[in-house]
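Reassemble the complex: the two chains are provided individually, in unrelated frames, and hints are given to aid placement.
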Amino acid sequence: MKTILIVDDVQSVLDLIAYYLTAADYNIITATNGEEAIAKTRETKPDAIVTDWMMPKMGGLDICRKLKKNPETADIPIIACTVKNRYVDLLWASKQGVKAYVTKPCTKEELVRVVQEAMK
Amino acid sequence: MITEQQSKNSELEAATSELEATSPTKSVANEFKGIGTLRRRLLTSILPIVLLPLVIASTIGYNLTEHRAKTEILEELETDIEADTLLASKTIMTFIQESFKLIDLVAANPDVIQSMKAANKKAQEQKLTQQPIAELEKKFAATKLLTTDNSLNNYLKQIVKSTQVVDLFLTEGNGFNIAFSKPTSDFVQRDEGWWQNSRQEGRAIEELKFDESGNVNVIALSQAVKDPQTGEFLGVIKASIPLKTLNSAITSYLDGEYEQYYQFQIFDSKNNFILSNIDSEDGEAEAEGDQEIDMEGVEVVGGEPIIQVIKTLVNIRENSLNLEEAQQSIAQQFGFSEVMLRQEEILSETSIVALLKDQNKIYSLSPVPNTDLVSIGVVNYEMVSTEGRSLVTVFTVTAIVLGVASIGLIIFLAEQITKPLSNLSATTQEIAKGNLDIEASLEGTLETRTLANNFNNLIKQVKESLEKQQESLEKQQESLEKQQALAEEQRQQKEQLEKAIHTLIEEVSDATEGDLTVRASLDSLEMSTVADLFNAIIDSLQEIAIEAKKSNSQVGSALKQNEEAIRFLARQAMAEAKETRDTLVSVEQMSQSIQAVAENASQAEAIADDTYNNVLNSTKDMDLTVDSILQLRTTVGETAKKMKRLGESSQKISQAVSFIEEIALKTYVLAINASVEARRAGEYGQGFTIVAEQVGALAEQSAAATKEIATIVGTIQGETEEVSQVMESGTTQVVESTRLVESTKQSLRLVLEKSQAIHHLMGSISQKTVSQANTSQDVTKLMRKIAQLSEATSISSKKVAQSIVETAEIAKKLESAVAKFKVNE
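In order, the protein sequence lines correspond to chains H and C.
In this text, residue positions in the first sequence follow this note's numbering: the first is 868, and each later residue adds one.
In this text, residue positions in the second sequence follow this note's numbering: the first is 99, and each later residue adds one.
Take the hints with a grain of salt, since some may be wrong.
Unchecked claim - What follows is a list of derived Cβ distance ranges for each label pair:
(1) H:S961 - C:E645: 22 to 30 Å
(2) H:K935 - C:E611: 24 to 32 Å
(3) C:F666 - H:K935: 45 to 53 Å
(4) H:A890 - C:E611: 49 to 57 Å
(5) H:K935 - C:A656: 43 to 51 Å
(6) C:N660 - H:S961: 41 to 49 Å
(7) C:E572 - H:A890: 18 to 26 Å
(8) H:P938 - C:D608: 54 to 62 Å
(9) C:E572 - H:N900: 56 to 64 Å
(10) H:K936 - C:N660: 47 to 55 Å
(11) C:Q670 - H:K935: 50 to 58 Å
Derived from the structure by calculation, the hints contain no laboratory data.
Note that the Cβ used here is the ideal one computed from N, Cα and C, for glycine as well.
In isolation and in its complexed conformation, chain C is listed as follows (with noise of 0.2 Å):
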């Protein structure tokens, strides 16, 4: 009992040491390898989660705000750069419209007229106009001035000190110098483009100019001299102004965010100068003009394309074309993404004014009126893009900065939640060790104390779990030993079973080989009771044996008393369907007999129907043929009267034709009378004589024709005699043959009633015996049904016969298996 104790403690601990063998305290390390940790999954999840957003935020925020500054900037510089445009020319034609007043102010001093006048009239009386220009300039090298007249000097220098000119000077009629504000380099001015252009066409603008003296660039303008009353040409007025009193004016116009990246031109359109150039990203040196500007190496913005517009609006302006038509031909000409051409009031003045768009900049034209100028603003919008690029930049940071922060965060969150799982961690592999005395510390969210809670809680129910498996092993070992002796009882009891088992199959087992004799022992109490049953059913058996037996011997005795009896019952049977099947036969002949006579019945019906329609035939045309005879007799009869007739008709014709022979014979005397008298008459009776004897020739002829007639009378007579002589013959003959006739038809009728008795025995000998071969058909059915019962009986009868025999085997088959059996007689 010890020391199965001892083995189940032992068990015990190899239990316990297995399973620590298979915790996974050990293979923890390398089986989960490669499974991230919740912290770094908390990072690969969540940082995308947050950063990716973001990016994506900027990047759609970054775009939007891009795409809007854009546009919005280029719609502002649009306007911006046009408006400063149309202020520049506003500001240039305000100035040069101020200048020439004060130009106009000094050619209206009568002084300077007069002064022009007196000099027009001196340069006449010298004739200097003949000489050459070289010499002139020779001649008033010193001077430099035609008369010299210090008060008109002085009237100019005094104007140059008062407004923004700088330079002031006067020509006459043939440009020869008449005054100045200070001295020029030439005398004669005639030869100058300007002097030349003023004086056909009342005033011109020159090209910029460096005024040495007066350190400036100057603007120089001039302007024809007229005299009031005669309007005769006079002289040329010309003043030059500071470039930068133009620029500073322009330039303090300018308005707009963007203003540093405009830049303007004002350029000429027909001498082909640019006149000013204001870069605003260049600085203000040139608006200030303190240098000298070198106009050379200043082209037109936009180049040639730029100038051929300003043409084309020159153009629409002198020739008023259609603004859209235009805006069409420059668009396709040039090669600008965008024109714009519309009307503008400058100074109550109409002008052409074109927005220009290309890749890059954006030019704004504006011409200004009453001049050849036009004033060109040009601003390049890529600098939008720099503008892009800061935002780019701020959006990027931003981006960064966030994305930092929130992987500190995450970080930060991370540790704090896996840190009590990873301390709990710990504690279970210390707890899967064994001990089982240490408890989870209580620490993190509520999530991890709650699993910390439940874990301290599992570990107390496995200890006690574990003291109660170790009680119940004990009960189990008591209960076991008291099963052990159950079973050892129950061997017992089988042991006894299987010997009363055996012992009942020995005294039974000879029952198999048909020994009904044995019996089973009622010794055992357990077997008696199968060994009761036993023995019932071997009684049973041997009950039922010994019936078959006797059975069986009844049976073959029986068998044997009745197989002659059913052979001989067979043979008779067969006897009577053979001779069955043979009255079947003679039937079947007479039958065919009797259907011969029939046929033969109803042929000599047809024969004696024909022979009575014959007869029947006969009697009508003997009728017939009596009719006729009677008729004949009718008509000989009559024949006979009417020759007799004929007979007495021939006398009186005979006694006629002697009446006349006698009247011829007497006509015949008289004319020999009358020619006897005649002539005794003379000459006067010979006509009459010649009549006489005509008339007795004519009685000759009467006579002899007479003689004839009475001779064919006489042979009518004859013949008629003969005729009735015949015909009473032929009636008598008639009146015989009408007897003959009649007798034949008596005949005939007798005849035709005997035939139609025999036509009438004929239909009836010929229906019955119709009737006769029916009922014998019937007869032959009925006899072959017969033959054919008669053949199953047979059959039958040899069947049981057969089967009777079978039965006699099988008897004697079970007579020997019946014999197998051995019971107590």
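Isolated chain H, as found in the complex (with noise of 0.2 Å):
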């Protein structure tokens, strides 16, 4: 079973990718900040990661440009999901290393796909 790691701050929006994703058959971990992320994913090296973009303090591109630094978890595929949907926001993200990128608000098997095809 894979392990994903599902950062957002808004615990309602993590709440339900859990339940998309618990659904789909994946072990899930949350963090609500960058921080958590980071020291989340030292620990238990996820799959892969689902991370919102826009939160305070560290953003999810943050997380991911810390995490690309690092050679133990450069490897891991970062999706990001957010309410963000122009071309220069995807030209960006994908320029900062983020794998995958889903348009909030998502349905399950837009997530589930993308994810998957992230991991592949």
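Here it is as structure tokens:
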């Protein structure tokens, strides 16, 4: 069973995504801010990370950059799940090392498909 | 909405009124005042095109015609006048010939001759010739006849009646009348010129006279009558013929188009009178001859020059002069523009005729053969110009008529063209005022009709497009409202964006002062990407700053450690360089010494070489000396031998001398003996005694000479002995010398060998020192390079030391710069 780390500062969103992915048979770990997310990643080495972008202090891309610098965590695919939906946002995210991109709000199938593809 | 629509409409109206104001209807008259109408333009452009060629053609035509007419007329005139003059000449000649034939007929009448002879006889008998003429006139005033013979008078009257002759009378040989057709004024004719001429020349023609009885102008011809048998002069017949007979004969023959301009004169060149003057222009009066013609008032046409020319012609005929020369001289003398002389046959008689031309007249002169008469024909060709004038009138009138016709035609055409155009113009003005409902009428040519039709179509289209414009205006209104709503939305978005940007600036502006701890919040949807970009950059900067701080302190410590070592190295390098330089100096000195040694060695070699050569030369000299000594020895030996032989010879000589002495003594004894004997012989031996005495004397002298020779030989022997002794001692000396020289030579050979060895040694020494010097020079060069290298090394190490110091300074600066950055440690 694969482990997925979900990061979001909003608890309800976190719960929803966790619900979606649990339903798809994934093991779920959650974090509500960047520091927590990095710490948990180092600890558990998840197979993928689904993170929100716009969070206070440390954003989703900050997490991504931090993880990419560490060779131990550099290969973990990161999926951005955000309301931002413009082309430049997508471009910048991919430049910062985000592997896949899901626009909120999304359906379960959408999310699962993207996560699966990112892990391939 | 409604109010907007209204305002739109009012705008439209305003625009329309503006359009009207700027339309050309009002201002056209003022603006285009200077430009001519179509009609005027047509007139000003087409009229010259029509009239100008007309005028030019007329002028050219006139000039051509006039010129041709003039030339042709002139030529015609020349031929005509010449032919007519010639004809006149012929006529005159015929006339005179025929007249004289008539007179001949009278003269041939035997009655006439008879009565003349009788009258002559009577005159002689009555001695009438001795009486004065006045007296005779008085005497015969009644009858005016010498003998009244009515039958003769009747005969003459009959002739007058039946012929053209109007008067006929006869005189006898002294000029007294004997018969006449009608009474004459004088009785005695002897004093008359014609009578005298007739008597002298046989024939005479008198000046023109007016016969009052016949009321005609007459020409009088007179002829002398001679006795057919004896040829004696009997009298004169005179006949008067009316001028008009001649003139009408001449005029009847005249021919030619311009004969009305001709004038003819018959001139007597001998007696200088004009016989007839026919002036066609003055009418026929003179030709008719009904009135008396006063020939005094008539002058020869052309005046004196013509008379002179006539005289020249007579002269040519009489003296048969060259025609061309005469022609030239006439042209030169009298100033005619043209002179032409040629020969003509007049009734099988040759005559010289002349054609002359001056400024406005042509003269034709034709002398009548066998007479002094000349017919002169003249025409004034000024009349040609008169003909030309009528030509001008014809051409001018034609040109004017054509011009007027073309002006009328052009005006009519212009009217036809411009009328539809001005109608169309009026219509356009009406439409320009805003009345779009009227239409232009289709009239005039195809072009103006098409124009009017196109104009109507244009107006239709304008109407339609105006309606369309109205519709599109409404549509525009709607889209404008939509756009406004959209703009409001955009404005709000823009405000939001600006707010976000403002927040971002507030958050990150501290970074410009080195605070790398700042973070941009990701709250704004629009700006969060940019904010994230900032955060990424600031993170990177932070890492760099931290790294720089770390590296800088490392560099600082490392530099401190290294600085001393490098300084030391530099100092060492400098010391090394100095040492190298010193070494270089020593090496150079050494090199110089070696060079000096080499030079000395080569000098020594030269000296040794010299010595060797000297010794070699000495040896050769020595050899020569030895040879000469040895030769000397041989010579001395030979000399001793010869001296010995000389001694022996001297001894032989002394033996011979003693023998001769013995002989001399014996001879002397003999001589004494002989003298003693001779004395004995007495007188016969006296001579022999003298000989014996002489032989005795001779023997005495011989003995003395022999003694002398013995002394000399003894001396020679003595000296020879001495020489032999000396020679002996010389020989010993020579032997000694030879031995000494031999030993010296041996010593010299030794010296030579030694000096040869020295020479070789010196050569090798010199070579070696030279190679040594070269080597030392190479060494010096190497040393110099080394010195340069070490110098460079020292400079480099100095530079290294300096750059380390500089690096340290830079590191310090960097440190202070990095210190400005505030980072999360």
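To see whether the hints hold, each was checked on the structure:
| no. | hint | verdict |
| --- | --- | --- |
| 1 | H:S961 - C:E645: 22 to 30 Å | holds, 27 Å |
| 2 | H:K935 - C:E611: 24 to 32 Å | holds, 29 Å |
| 3 | C:F666 - H:K935: 45 to 53 Å | holds, 48 Å |
| 4 | H:A890 - C:E611: 49 to 57 Å | holds, 51 Å |
| 5 | H:K935 - C:A656: 43 to 51 Å | violated, 32 Å |
| 6 | C:N660 - H:S961: 41 to 49 Å | holds, 47 Å |
| 7 | C:E572 - H:A890: 18 to 26 Å | violated, 58 Å |
| 8 | H:P938 - C:D608: 54 to 62 Å | violated, 33 Å |
| 9 | C:E572 - H:N900: 56 to 64 Å | holds, 60 Å |
| 10 | H:K936 - C:N660: 47 to 55 Å | violated, 33 Å |
| 11 | C:Q670 - H:K935: 50 to 58 Å | holds, 51 Å |
Hint compliance for this structure: hints 5, 7, 8, 10 are broken, all remaining hints hold.
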